[in-house]
Amino acid sequence: MTLLLLTLGLVAAANPFRVSGTRPTERPLDAALVAGIASVVAAIGLAALSGPFFDAIDITGSSARIAAGVAVVAMGVKDMFTAPPQPTPALAGRWAGLLPIAFPAIFTPAVALLVMAGAADRGVVPAVASATVAIGVALAALVLLRPAMRRIGQSLVGITAVGLGALVVLDGVYAI
Amino acid sequence: MVPPLLRRLLHALGGWVLVFGLTAVVVHPEGCRVPSTAELDRTATRAVDWFGANIDDAGDFTYRYDRDRSVDEGGYSDTRHAGVMWSLWQAESAGIDGAGEIAERAFARIERLLVDTPLGPALGTGSQAPTGAIGLLVAALDERRAATGLTDHDELLRGLGQTLAAVVNRDGSVSASIDVSSGVHSGRSPFFTGEILWALSRLHLTFPDDGLAEPARRIRHYLVTDRDRVEEHWPPVSDHWGAYAFETMDRWPDPPATSAADDEWLDRQLGLFGLQVRYESQRQGGITRLTRGPIALAAGVGTLGEGLGNHLLWLDRNGQRTSDRGDLIARADCAAALLVDRQITPEQASTDAEPARTMGAWFRLGDTQMDDQQHALSAVLLLRQYRATLASSEATS
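Chains as they are written, first to last, in numbering that gives the first Met the number 0: chain R, 0 to 175; chain Y, 0 to 396.
Just so you know, the hints here were simulated from the structure itself, not pulled from any lab data. Careful: at least some of the hints might be erroneous.
One-sided excerpt, in silico: chain R residues whose CB lies under 7 Å from chain Y [as the list claims (entries may be wrong)]:
id	residue
1	56
2	62
3	128
4	175
Per label pair, the in silico range of CB-to-CB distance [as the list claims (entries may be wrong)]:
id	chain 1	residue 1	chain 2	residue 2	range
5	Y	284	R	3	53 to 59 Å
6	R	165	Y	17	17 to 23 Å
7	R	173	Y	285	26 to 32 Å
8	R	54	Y	55	45 to 51 Å
9	Y	346	R	55	27 to 33 Å
10	Y	3	R	165	31 to 37 Å
11	Y	278	R	55	52 to 58 Å
12	R	32	Y	321	39 to 45 Å
13	R	150	Y	266	40 to 46 Å
14	R	3	Y	258	24 to 30 Å
Heads up, the beta-carbon is just placed ideally off N, CA and C, and yes, glycines get one too.
Please model the complete structure; the sequences and the hints are all you need to start from.
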């Protein structure tokens with residue numbers, strides 16, 4: 000899987016328009032900072048654990064990419080047809096960055112699986128770097144995007160996620 | 000009443016369970032392991048023993064046997080007979096006792112089948128002689144020559160080589176059959192291209208002045224650039240015979256350079272082999288019978304091991320695809336392990352009505368066919384050979 004596909008896949012899986020729906024009315028920048036730190040830490044942890052995890056469940060790296068691609072497609076379909084999430088219920092103040100921004104808005108099963116599959120294929124550092132880009136884009140959208148764009152934007156990115164997820168699946172299928 | 004935040008969390012976790020459940024349906028655990036060399040030796044020996052127990056005085060093997068009904072189902076394939084002879088000579092070269100003797104007995108059938116055509120000697124009983132059978136017979140007799148030093152079949156080998164060269168078309172495609180009386184050749188087969196390329200490649204090493212390099216190079220070019228597109232085989236062919244050919248051609252004094260087209264073809268082939276091994280390794284019985292179907296024929300799994308083993312040999316020799324090496328070895332180990340684990344053991348055979356028909360064989364849905372034993376034997380022998388090559392190069396470095 001190329002780094003480009005991994006990065007674009009993560010950006011689509013993290014769907015910045017979906018994440019922007021969880022923008023809190025109070026202290027959005029603080030919440031974004033907490034979300035960013037928590038998400039990057041989670042990405043590092045998942046990437047580092049990808050090898051032992053896939054070994055434990057007896058999945059090769061190639062098959063892990065198929066699984067990740069399927070998850071990205073599934074979440075893409077969900078994003079196409081559901082409304083963006085709401086900012087509440089949430090933890091208070093900046094801690095909204097943990098819940099619901101980092102989880103479950105940014106860290107969906109698709110993002111988690113794709114980070115891990117990417118780490119198994121390309122290494123921990125490239126996977127974390129790609130995840131950081133996706134997290135950054137998502138949080139930039141959280142801070143900057145206007146509400147009017149969220150619904151249509153989420154659907155369009157969902158469509159993109161379906162296409163990119165399919166490419167990730169094919170990458171895993173045709174791999175050794 | 001569940002607090003709203005907790006409800007949101009639980010809803011999200013429910014989504015995770017659903018998505019992971021969906022991916023679990025699509026991707027199953029792959030039951031792979033690394034078989035020991037002792038297991039490979041034992042598997043190969045038992046397969047050879049099966050051939051020894053299932054050849055009659057006319058040199059014919061038990062072709063197809065139903066374990067559940069204890070019935071010899073009859074039928075035969077001359078191409079597969081030649082393929083079995085190749086595997087037995089391969090085993091003889093690898094030091095498996097008795098393999099060569101069984102292969103010599105099997106030659107009795109070949110003697111009955113040999114026929115003269117306007118193109119040269121061929122094998123067949125009807126009006127059409129399959130060219131793939133000639134290819135595999137060449138491989139078998141050439142390996143015999145290498146294993147024993149005997150040159151008594153040289154005239155036949157050279158004649159078969161000329162027959163094969165004559166069925167290579169201008170574009171490098173090969174005809175699947177020869178009209179015995181007219182010499183007209185026609186048809187295509189998904190496997191004969193690789194078989195004939197391999198045979199000609201071997202003969203060029205053995206008889207370098209027989210002019211067989213040129214048709215071999217022509218076939219190779221067709222194989223990597225046109226065959227899949229022109230012949231439109233579906234599903235795509237994972238070409239283990241082509242892998243044998245690439246490994247052999249790599250040992251030519253003047254091997255063809257690996258072209259961009261070769262690389263593209265190799266990408267597709269290695270991916271096909273790997274995918275099939277991964278898929279097969281997910282067939283673990285139980286619920287996977289619903290999602291993955293029954294286990295594949297041992298012949299099919301064996302061809303995966305043959306393809307991977309051959310590609311590993313020549314790629315390693317040249318230091319190519321080093322980044323793929325780990326995955327290739329893992330898939331080759333996996334294919335061999337599946338074969339080791341699925342072979343009928345003496346203990347399992349002891350409760351059968353005819354243990355000699357079953358011990359050392361592989362069965363699918365109650366049936367075995369002699370090419371199951373052929374391809375499985377060759378696959379484990381190739382992995383053994385690769386490991387020996389690795390050990391040898393590590394010792395000298």
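Status of each hint after checking the structure:
1. 56: 6 Å, holds
2. 62: With Cβ-Cβ at 5 Å, under 7 Å, it holds.
3. 128: 20 Å, violated
4. 175: 4 Å, holds
5. Y:284 <-> R:3: 53 to 59 Å: With a Cβ separation near 40 Å, residue 284 (chain Y) and residue 3 (chain R) fall outside 53 to 59 Å, so the hint is violated.
6. R:165 <-> Y:17: 17 to 23 Å: 19 Å, holds
7. R:173 <-> Y:285: 26 to 32 Å: This hint holds: roughly 28 Å between Cβ atoms.
8. R:54 <-> Y:55: 45 to 51 Å: 49 Å, holds
9. Y:346 <-> R:55: 27 to 33 Å: 32 Å, holds
10. Y:3 <-> R:165: 31 to 37 Å: Since residue 3 (chain Y) and residue 165 (chain R) have Cβ atoms about 36 Å apart, the given range 31 to 37 Å holds.
11. Y:278 <-> R:55: 52 to 58 Å: Violated, since residue 278 (chain Y) and residue 55 (chain R) (Cβ atoms, about 21 Å apart) do not stay within the stated range.
12. R:32 <-> Y:321: 39 to 45 Å: 43 Å, holds
13. R:150 <-> Y:266: 40 to 46 Å: Hint holds: Cβ distance 42 Å, inside 40 to 46 Å.
14. R:3 <-> Y:258: 24 to 30 Å: 27 Å, holds
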